[in-house]
Amino acid sequence: MSASATGLRGWLTTTDHKRIGLLYFWTALGFFLAGGLEALIIRAQLAGPNRTVVSAEAFNQLFTMHGTTMVFLALMPLTAALFNYIVPLQIGARDVAFPRLNAFSYWVFLLGGLFMNASFLLGAAPDAGWFGYANLTSKQYSPGLSIDFWLLGLQILGIASLAAGFNFIVTILNLRAPGMKMMRLPAFTWMTLVTQFLVITAFPVITVALVFLMFDRFFGTSFYIPAGGGDPVLWQHLFWLFGHPEVYILILPAMGIVSEVLPTFARKPLFGYTVVVYSGVLIGFMGWGVWSHHMFSTGLGPVADSFFSAATMLIAIPTGVKIFNWLATLWGGQIRFTTALLFAVGFIAMFTIGGLSGVSHASAPADLQQTDTYYVVAHIHYVLFGGTIFGLFAGMYYWWPKMTGRRLDERLGKWHFWLTFLGMNLAFFPMHLIGLLGMPRRIYTYGPELGVSTLNLVSTVGAFTIGLATLVFLYNLWRTRRRGAPAGNDPWGGATLEWSVSSPPPPYNFSVIPTVQSRLPRWHTEHHGPMPDPPEVPPAPVPVPGGSWWPLITALGLPIMATGAIAHALAVVFLGAAVLVVGIYRWAYEPFEA
Amino acid sequence: MPRSWKTLLGLAPVAAGLIGCRAEQFPQSTLHPRSDFAWAIQDLFTGIFWWAVVVFVVVEGILLYAVFRYRARPGAPPPRPVHGHTLLEIAWTLAPALVLVLIAVPTIRTIFHTAGKAPPGALRVEVVGHQWWWEFRYPELGIVTANELHLPVGRPVALELTSADVIHSFWAPALGGKRDVILSRTNRIALTADSEGVYLGQCAEFCGASHANMRLRVVVQSDSGFAAWVAAQRAGPVAPAPGTLEERGRQAYARSACIACHTVQGVSAGRVGPDLTHLGSRQTIASGLFANTPENLARWIEDAPALKPGSLMPKMVLTPEDRDAIVAYLRSLR
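Keeping their order, the protein sequence lines are chains A and B.
The opening residue of the first sequence carries number 1 in our numbering; numbering runs sequentially from there.
The opening residue of the second sequence carries number 595 in our numbering; numbering runs sequentially from there.
Be careful, since some hints might not be right.
Simulated coverage check for chain B against chain A, where a stretch passes if three residues somewhere in it have a Cβ under 8 Å from a Cβ of chain A [said to hold, decoys possible]: (1) 637-645; (2) 761-775; (3) 912-920.
Every beta carbon over 12 Å from chain B, so not counted as near; a handful from chain A, in silico [unchecked claim]: (4) 48; (5) 115; (6) 140; (7) 177; (8) 271; (9) 272; (10) 327; (11) 335; (12) 422; (13) 488; (14) 537; (15) 586.
Note that these hints are calculated values from the structure, not bench results.
Note that beta-carbon positions come from the ideal geometry of N, C-alpha and C, so glycine has one too.
Start from the sequences and build out the full structure, keeping to the hints where you can.
Right, dumping it as structure tokens:
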């Protein structure tokens, strides 16, 4: 089987990081649309007081799946799509370190996402929030299958993230082209590296927390159940010990994208590259010491509250430093207003607002009024929508030409940007006020007496504006397939290695592995002229590994095991385990085919 | 700073359209403090808010200036490739650090100030969260009630929060920040209400199907008003006169399944649902969902789960006569 296997088989067996990147992209886009649809139903229900668009039970499923889907099935995999496609190109590599493991990560992600969403078909979608607080998730208070779907689905997705995390760390550390020293890595690759270290350290924590929950629900243990000597607050510590690094897993890649897009379109090197990189690393480290700021109302005592308040405020410093460096990158530049640049600038503008409301959450007493209200909903959406999603859109408009060979339409792109910008501010800014005026989050209904009906209507209009903007984006993707302007190798005048090869690049990426002499290899700098592009035709044949069925087959073992667990059918669990073991065995002994 | 100024500053976050609005329009607002606890938070938040405004204006101002001033012009020379500037880096590390110190110091002071330690002699109230209603017990006064918390104005109060099932969060914004209500733990809130009035609140931690319907109200009363309420609550239930509809209702109640879950002193001793001994004196039923009217009470008794998803109270199978009699009886329990 060769890498050029075409059709369905080619996609099912591919180990090419670029194809896997595209698979991640389309799959995550699908889940993004599903999560967005869930959000629109939520906003339809909350457009006015005492509305009955959906039942209480359905609403609880919708907000649970909206959060879970957006975090685990849309945003993380969209960053993974860009890691996959771009990072090997940026470091001058032919693929990731473990191409089959890469395929395995994707298939596990897809199957885990489908498994969790299959719960809708049984009317048992998870309904205890994306944070799944114990002891509401115990068998006593959630007797159905919904929590089982949630915890098994998350376990499966965790395996995908961990496998990808190790893969990308090894790739970035070991497969750099000659001369690509660590401090010459493009900022996006640096942030990918930090993100993956967070992934491999944070996901084991949620894995342990979920195993405890699984034992409580399946085998009658009492990790989170006070009657048996357990403690529901233990779940909160474990969940947020994972959950806060997870926030940085979502935002650091977007910060990396912005650090690529701004220099390209301002025609200036990233200001304070070293500081931007180190502040990213520092954010990664500090992200581990702030988890209890999600728990100020839990009653941890004044000493713990003071520590976590101060630690959280500290993390604002490296974040602020990054923002100032981006501003300085724009300062004195020659800024071209492409859609990618607009989204990157929008990122700075919106993320700043999210950061500022974050400081008011960091102050524990202030947070006692704000936590679990719409003020937090506003905060997380300014950070994750205004931040992560704006960053991802910047990255898509920036790298789409590289990934497909065609540019996205700029006029539609600008419609997309301005509608998204308008929609997000209409949707999420009023939520600050809605929260301060006393509306808690996660309520399926509210009375007119709260005085927040008009603000909620505005918010709903904003949400549907975002929906409209997303349709423009989809139309742009569809239209560009045939009619997009050809990209050439380098439509933007980028400084990094991915622009030195054709769009899309050949399966082997680089006909000759480049030798890197500067942080901005394709730009003219003080000491170096621009690097010549590798020759179109390889001077010697480049061996490309063939595809493999085993990553997909091995991955299939996991949802089979989970289905067996849901159905309490031990034989099916063993069947899934057998598929997994046989898959790994055959994978390990698969011959390398050139 | 006089309180009226503070109110003005505190209102600032609510933007121009809401300035001048009165507290009554927003009965669950965090921006209209009515206790020392709530004021401490408001003062802290006001300071943070103005710092945020300053940073917002500076950052967004520089951003807007940069993108307009430095947009590409045809024929312009390529920009100077500046790689960084050490002094600038130090400056914009120290500046936010300084602002954060100015926020952290009052934050930590307020954390210790609002840690829930009540002075001796404070009125103790045990708050118990249930799916999906609130139980309020006054151990020193021998009062048990539900969903409506009565407090005297100007007297320190010590709330002791626990849960009967899952995690809830007690939150009445006018009186201060929320605290979680957790099975097997006791959290504390100390506060002194400073104005009479009725303030709305509700559960703030997702707790299952009817989380949205777990509402409460706090009635802050003058000393004499509170004393009168205490006296009425401590009295036993009203005994209806023989031959009245209410008396028929009492008998029907005593025969019904209601008694398995509800207490009416001297009549029934169920502990699963709210104590009904003085139900007639409450403003609302069903955990703050509906006004306490005969029609609402009848609808509630007939089919509680239809009005409150997941409600543990089942549909009651009663003859219309029994139902109306029970409604009349419960209404008489003032």
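Open item on the list: Does residue 488 of chain A clear chain B by more than 12 Å, comparing its Cβ with all Cβ atoms of that chain?
Closed with: Nearest chain B Cβ is 20 Å from residue 488 of chain A, so the label holds.
TODO: Just double-check residue 272 of chain A for me: nearest Cβ-Cβ distance to chain B has to come out over 12 Å.
DONE: 4 Å, violated
Open item on the list: Does residue 586 of chain A clear chain B by more than 12 Å, comparing its Cβ with all Cβ atoms of that chain?
Closed with: 45 Å, holds
Task: Claimed clearance of chain B by residue 48 of chain A, with the beta carbon kept past 12 Å - done: The claim stands: residue 48 of chain A keeps its Cβ more than 12 Å from every Cβ of chain B (closest is about 14 Å).
Open item on the list: Tell me whether the statement that chain A covers the segment 637-645 of chain B is true, taking a Cβ distance below 8 Å and needing three residues at minimum.
Closed with: holds (count 5)
TODO: Evaluate the condition: distance from the CB of residue 115 of chain A to the nearest CB of chain B exceeds 12 Å.
DONE: 24 Å, holds
Task: Three-residue Cβ test at 8 Å for the coverage of the segment 912-920 of chain B by chain A - done: violated (count 0)
Open item on the list: A cut-off of 12 Å on Cβ-Cβ distance, and residue 140 of chain A was said to be off the interface with chain B. Does that hold?
Closed with: Not fine: 8 Å to the nearest Cβ puts residue 140 of chain A too close to chain B.
Task: Whether residue 422 of chain A stays farther than 12 Å from all C-beta atoms of chain B, as the label says - done: Its Cβ never comes within 12 Å of chain B, the nearest being 16 Å, so this holds.
- [ ] Test the statement that residue 327 of chain A is away from the interface with chain B: the closest C-beta pair must be farther apart than 12 Å.
- [x] About 5 Å separates residue 327 of chain A from the closest Cβ of chain B, which leaves it inside 12 Å; violated.
Task: residue 335 of chain A and chain B, when compared Cβ to Cβ, separated by more than 12 Å - done: Residue 335 of chain A not clear of chain B: closest Cβ-Cβ about 5 Å, inside 12 Å.
Open item on the list: Does residue 177 of chain A clear chain B by more than 12 Å, comparing its Cβ with all Cβ atoms of that chain?
Closed with: The claim holds: residue 177 of chain A sits with its nearest Cβ about 22 Å from chain B, beyond 12 Å.
Violated hints, in rising order: 3, 6, 8, 9, 10, 11; the structure is consistent with all others.
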